[in-house]
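Protein chains: 2
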Amino acid sequence: MDATEFRRRGKEMVDLIADYLENIEQRPVYPNVEPGYLRSLIPQEAPEEPDTYEDVVKDIERVIMPGAASPACTELETVMMDWLGKMLKLPEEFIAGTHGQGGGVIQGTASEATLVALLAARSRTVRIILANDPQRPETDITSKLVAYASDQAHCSVERAGMIGGVRMKKIPTKQSNKYAVHGETFLKMIQEDKAAGLIPFYVRTEHTTFFERTKHTHPILRTEHTPSILCNAEQIWMHIDAAYAGSSFICPEFRPLLNGIEFADSFNFNPHKWLLVNFDCSTMWVRDRSDLIGAFKMDPLYLKHDHQESGLITDYRHWQIPLGRRFRSLKMWFVFRMYGLKGLQDYIRKHVELAKEFETLVRADPRFEISADVILALVCFRLKGSNEMNEVLLKRINNGKKIHLVPCQLSGQFVLRFAICARTTESRHVREAWRIISQLAEEVMQELPH
Amino acid sequence: MDATEFRRRGKEMVDLIADYLENIEQRPVYPNVEPGYLRSLIPQEAPEEPDTYEDVVKDIERVIMPGAASPACTELETVMMDWLGKMLKLPEEFIAGTHGQGGGVIQGTASEATLVALLAARSRTVRIILANDPQRPETDITSKLVAYASDQAHCSVERAGMIGGVRMKKIPTKQSNKYAVHGETFLKMIQEDKAAGLIPFYVRTEHTTFFERTKHTHPILRTEHTPSILCNAEQIWMHIDAAYAGSSFICPEFRPLLNGIEFADSFNFNPHKWLLVNFDCSTMWVRDRSDLIGAFKMDPLYLKHDHQESGLITDYRHWQIPLGRRFRSLKMWFVFRMYGLKGLQDYIRKHVELAKEFETLVRADPRFEISADVILALVCFRLKGSNEMNEVLLKRINNGKKIHLVPCQLSGQFVLRFAICARTTESRHVREAWRIISQLAEEVMQELPH
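Residue numbers (my numbering), protein chains in the order written: chain A, 0 to 449; chain B, 0 to 449.
The following block holds chain A by itself, in its conformation from the complex:
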């Protein structure tokens, strides 16, 4: 949708809202539908080709209005999470509309998903241990729990550990192993911790994480002794966070990066990062929804309703930290239909191509080096030479206010990161960015001793 069409459609939408408000007294205050009404009104999967805007808007009255805010808000979310899960080819257990026990939920941010998974894991582990040893005080169990993440993991993991009040350990990685967690290293940690009386219960891992803006490990699952299999054997909850990379898994050529998902208990990524859905929209799936509900469930009288034990509906308030919820699945519905799966795949592929174009420019310049394989739309690169020189270069680039880069650290090296992430980025922007970087690099190299 270009700006001209946006003007037209935006104004139609303003009228639609005004009409709704002017005639609201004609509508029932409470919906006249049965639980589960929505699923049969829309397709089982996202369209391959784009729908027209007219068709999408017509469906507001047909699909949403009969279910008003509730249950439409909940039911559209369940079905959109199924649509997206199917686009990613998640194992069937994670899809709600199957015989499995899983399903999806929209969280605000990946940090919340990390925390929710950790809390669910904590409660599951306590329950398992108490089942065998009912006399053991719960505080004795929780004080011995230990969660794990790669030493390259995002800070939100540590934060989740702090909030949940559990010990958090970092699994060391090495550059020679492409910052992957090595299965034997992890196994050894688990064995030592158990010998010391601790209770390993949770690991958060990133797939394709060295593409991530903030994380740089190789997929934990692709080491020889896969920790994922360890996790299942040890009843350690495995949460996979692919906050950035996840969007690319809708393309068959990138889907292998998610291999191993079949061992995970929960999975999360952020469509608000790279799938054209506005912030916030962090999508999380769990293999067994009873694990989540066990961690949070509270049922006071004023939140009771007739259908809660029917199994037909999802009480998302048991799936998250806040109680209140917004109608975030509407934006997924609009985006998936306006682009179609093919349009979204094209979008991902175009960004990856633009990153490759940038990589080619960097590699052609002997002053620079590429710091990690370029697989998605993020290029980690640096000037050959000191960290100081790269820090000065970054400062010059950002002070120019024409482009903006965020750094990271890889094995003690200060690294610049070039990310393609705007909807309107074209080849000319990439070339212009490289022109700026290249020119500033020349200035910096002249000023600083090598």
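Treat the hints as calculated values from the structure; they're not laboratory data.
Check each hint, because a few of them may be wrong.
Any copy will do: because identical chains look the same in the list, a pair fits if it lies in one copy or spans two.
As the list claims (entries may be wrong) - Under the rule of at most 25 Å between Cα atoms (straight-line distance), these lysine to any residue pairs were calculated in the SDA-like manner:
#1 Lys-400 - Ile-23
#2 Lys-349 - Glu-21
#3 Lys-143 - Arg-126
#4 Lys-349 - Val-28
#5 Lys-85 - Gly-99
With chain A fixed as given, assemble chain B onto it according to the hints.
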């Protein structure tokens, strides 16, 4: 703003967004402002009388655009929280633009504020104890922590306790004491728990809570031996949650309900409930921001910035559970300016009057009784008689889908709650609602034995 003006202004806004997107390449990618730039560009307080829409929209380019998303998003939030805090006449320590150490933050829901306060309290208590006894294991401390709430409190308190992994105790209340926590009862619990080796560290209380849709206690602070003073003496964190009632405190006649705030560590209410700001917007103030930051702070390289030690800016990511944030203060800014303080006060007072009108109708009908004093815009009432009869009545009312009520329980009695909460509610709606209730009551009483 009526629907006609909404159509006009909405369409102007669509054009403004389209213009922005079409010309985005002319703007710097990074703002050209110094930290703290925004405060001096706008008044220190919300206007008494409404501003014009034109003036508000003009300020987008003048005030927001120079600071882009960041730091404008953060700085407008700090100043809007000051505006609102001043409207409520909060003690100066809670206002950021003073010499105090406090300030405000927008959370998504009151449940999140309850949790954030509990986590901050937990971390403060652990720090204080470790300062005196550095050898004591942290898990030993946390396993002995105990948090308190009234037995009438919202379920989100228990949930916060579960998430934070701490013991939660309910303080018993009595109908004869109007469901207030009695200071001596609370003092006795604290003494007994301390004698048993436990560490009291947190209490969450509601003000004016029997007006709340979901909470029914009298203000904890107005008992004879005020627990708030206990809290200060015992270093127990006191969090006040006035999710619904808080909006009314902008009116001088309701402000006394907040008396005692001077003893609190944190305070929270939901402008999205009753102050015309759309969901979500749950406003929270703390007396000492370092308490929050201590609970959450993480500073990895990719989130570092030049100004973080300057004291000039607020890193809200340390004030909440998620890392990412939306620009929610914009809607506060628009609402406060379009209504002015007087317009907002008028709005609150009109709803309270409508509730009084409903109360008068109920009291005039000998079949009914009022179950709690009507002070704000919530009326708790019931048919004199069995719970069963009231449950049947509620079911009939809600099945009619003309009005919708949510029940609560008061001292074992099933109580109906009539809440005025829509922007467009008028006297005719109240009268029509009473007509429906009254007629259904007659049907129910004829069918059921008394």
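Hints, one by one, checked against the model:
Taking the shortest alpha-carbon separations for Lys-400 and Ile-23, only the inter-copy value of 13 Å comes in at or below 25 Å, while the best intra-copy value is 48 Å. Proximity of Lys-349 to Glu-21 under the C-alpha cut-off of 25 Å is restricted to the inter-copy arrangement: shortest distance 21 Å between copies versus 44 Å within a copy. In this homomeric assembly, Lys-143 and Arg-126 come within 25 Å of each other (Cα to Cα) both inside a single copy, at 14 Å, and across copies, at 20 Å. In this assembly of identical chains, the alpha carbons of Lys-349 and Val-28 lie at most 25 Å apart only when taken from different copies (22 Å versus 46 Å within one copy).
Proximity of Lys-85 to Gly-99 under the C-alpha cut-off of 25 Å is restricted to the intra-copy arrangement: shortest distance 14 Å within a copy versus 52 Å between copies.
The structure meets every hint from the earlier list without exception.
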